[in-house]
Amino acid sequence: MSADLDQLENQSIYILREAYNRIDKLAMLWSIGKDSNALLWLCRKAFFGRIPFPVVQLDTAMELPEVYEFRDRITKEWDLDLKVEQCPPEEEMDQTLPPLTRAAARKTEGLKNLLRDHAYQGVMVGIRRDEQATRAKERVFSPRSLEGDWDVKDQPAEFWDHYKTRFPEGVHVRIHPLLAWTELDIWRYSQREGIPIVPLYFAKDGKRYRSLGEKNITFPVDSTASTIDEIIAELQVTRVPERAGRAMDNESEDSFERLRSVGYM
Amino acid sequence: MPHSQLRIVIVGHVDHGKSTLIGRLLNDTGSLPDGKVDQVREMSRKRGMPFEWAFVMDALQAERDQGITIDTTQIHFKTKQRPYVIIDAPGHTEFLKNMVTGASQADAALLVIDADEGALEQSRRHAFLLHLLGVRQVAVVVNKMDKVEFSSRRYEVVAQEIKDYLAELGLQPKAVIPVSARNGDNIVTRSKQADWYLGPTVIEQLDAFRPQQTSPDQPLRFPLQDVYKPDDRRILAGRIESGRLRVGDTLHFSPTGASAKVVSIEAWNHPETVLSAQAGQSIGITLDKRIFAERGHIAHHQSDAPTLAHRLSVRLFWLVSDPLVVGKTYTLKIATAEHRVTVEQVTAVINVEDLSSTPGKAVRRNEVAEVVLRSRSPIALDLASDLPRTGRGALIDGNDVVGGCLVVEIEDSAAANITEVSHTVSLEERAQANGHKGGVIWLTGLSGAGKSTLAMALERALFDRGWQTFVLDGDNVRNGLNAGLGFSADDRAENIRRVAETAKLFADAGMVVIASLISPLKADRARARVIGGERFHEVHVAANLATCEERDPKGLYKKARAGEIAEFTGISAPYEAPDQPELVIDTDALSRSEALAQLLDYVDETLGKNSLKSEKELTYVI
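If you read the protein sequences in the order shown, they are chains D and W. Under the working numbering, the letters of the first sequence match residues 69 to 333, in that order. Under the working numbering, the letters of the second sequence match residues 63 to 684, in that order.
This is chain D alone, in the form it adopts within the complex (with noise of 0.2 Å):
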């Protein structure tokens, strides 16, 4: 029973394929997390095999060993054009953010970095709604000033999946064709299409991670799902929000949203 699975791919290929026809210069970033993969394997279902743009990790130097080694490997194996963009140092930071906020709001300026630096009009992030508060206001096509600024307040109108593809100078635009996607649909999918995982998702000693960030600000949480089908069992009980590993958004009622303003993923 996967006719669900089915709409959601469906839906997803064709964002990928409005996002490739109508953005000149796109990009996909790729945080080797279990929802960017499962938006790779649907790029190369849409394109036939062969992603036409490059795929881009913003890199802290902080991922955990399994992540570099899993990135090096599907990198070779499906034949990826990928860029990694090194994030500048916590230091350069905003001092005003909680000091877990700002390490992860490297992200943020390293994609700043590479949205100045190589002229992207449009990247894709694997984010969906149903993982945070703020997540769930997006739109699939979400336009940024060239600070990466989000108006959450006014945000284009999209429906019919006419979505907004034009935009003025210096606006660069964020794809999220995973929007409409579940945690717990990432992990059936990935199941049932034999998408490869990063180990660390699966528990070992009583620990896994649920959500995969950077090892200073990451976290497993308790759990014994050692293989897919038990973390699909697990998370149709468990009434733990999936980024409860992730320090940074549990540091202050805002810091996740004063993140994504300036720009967070």
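What the hints contain is simulated information worked out from the structure, not anything from laboratory work. Where a beta carbon is used, it is the ideal one built from N, C-alpha and C, also for glycine. Among the hints, a few may not be true.
[Said to hold, decoys possible] Now the stretches of chain D that chain W is said to cover, found in silico as 3 or more residues with beta-carbon under 8 Å: (1) 111–118; (2) 277–289.
[Unchecked claim] With a Cα cut of at most 30 Å, we get these calculated DSS-like pairs of lysine-lysine: (3) Lys221(D) / Lys98(W); (4) Lys221(D) / Lys390(W); (5) Lys351(W) / Lys566(W); (6) Lys395(W) / Lys323(W); (7) Lys93(D) / Lys395(W); (8) Lys209(W) / Lys151(D); (9) Lys272(D) / Lys351(W); (10) Lys283(D) / Lys98(W); (11) Lys221(D) / Lys108(W); (12) Lys221(D) / Lys395(W); (13) Lys140(W) / Lys221(D); (14) Lys93(D) / Lys584(W); (15) Lys209(W) / Lys254(W); (16) Lys275(D) / Lys254(W).
[Unchecked claim] Derived CB-CB ranges, DEER-like: (17) Asp350(W) / Arg234(D): 49 to 57 Å; (18) Arg234(D) / Asp178(W): 39 to 47 Å; (19) Phe549(W) / Gln154(D): 46 to 54 Å; (20) Asp149(D) / Arg296(W): 18 to 26 Å; (21) Arg234(D) / Glu356(W): 16 to 24 Å.
Chain D is already provided as a structure; the job is to place chain W on it using the hints.
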């Protein structure tokens, strides 16, 4: 439990309690993550308020302070029956585009009305938009029943009023449910205080809604999104919006009229061969021949074609502060096709309070209206009532989506519902009488390559032989047929289209038409080829840019170099040379008479006496 989600939109007037209802639904179905209730309690306490359910949804700082929901938010929850996504649509007037964004994705809608205040202007507007957006499953939630002491009489008044209004829109609510979202009455648990109410609770009603279905039994509409060439395959990609296609089907493409057979349905990482695909699927196909097909064209079966329209009536909603005005031109996007349309008439501006209407000259933000649009190019479309996905569209002004519309009436177009009269004089008879076939000799090339010279020389030579012939020169037609067209990309394309259509008529009448136009873009020439069909002959009059610039017969290169002419082909605008023209004449290498001789040979061979004898199948219908 099925995995497939039902998408619910919750709409209604500001402050009638939508966010509270959602907070309650999440809590009472056990869908809130641990700690959320404590978080909301803390937020409420900090602001000196009693426990506020709406804070569950209002996750953004700005919203919490303003006390209204700014943007549409999607939240997932489950009942015992199935998973849901609820889309919270804001009630505040200026946030209409967010409401449209939310509601257009929904399978079903809950319309929340305050029991004390009754249906207000916003409630009616939202109901009207549900109707416009095509949301057919609606239930009404009469909220804040605690404020009217759960009075059944008050409930009846409010219920009747909204039922009457919805009936005029052709909507029949599945239920009208009295609730108190704040206290949890009739959300999950049945209200003890409204014991006179026997209908479903909110949760029972949600579980009774059905997901929207796309039917594969409707006529096929496969709008192209793109054409990919990953290797030696040429894959036409897109999503089937209705109907079904199979390998081996002959597809026809609108608006070009091209046709070809489906050879394969391509799929990556799919072990079995795919033989058919249906509505909702994003696919790619290959065809048995290379036809001109691009983004925006709609593939369909011959028997159930979309209508080709130049003039259509739409029912629209307007989202921006710049009003829609008569005479203004917008881009209409239907499926993946974009067309320039001009507003001819505002037939009716609809008053959503009482559904009365008045004619007007403009449609303002948040208004709904019926409008007549006119397009220069034929638009392939359907009536929204027949096939919603190819019968509705977005209006774009500059960079922004400014409105949405449903096609409610289509006027006959020159190309569409006109039954073509069969000529009693056949093409073959004309050709026999003239001693040659009709055809379009399309000369393309840079300014100064020698097109006009060659065209006039060919006309003279053919005329002297007794042929029926005429030159359509790019510059000359701009004074008459195409006066009023400028040099924008759209106007240039239209210029070429008109010349191609005119040339085709002359060719049908048996003449050899020599069209002499720079026609720098492949896509424009491909369209001309589609119009001209088999009688179209592309001749590339080729010369180096340097040669052309040196010749500069009209002094245009000099002006272009001086910056006096913008977008001059070869200097500041591209010339796309043909890949496979029927003939290339290199005027760098050939003298004028050599060039003419080569062209005459070609025309003689393809259209002259010898071509008549050899062909029996000249009887194709015009």
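- Item | Hints violated by the structure (listed by number, smallest first) | Hints 2, 8, 9, 16, 17 not satisfied by this model.
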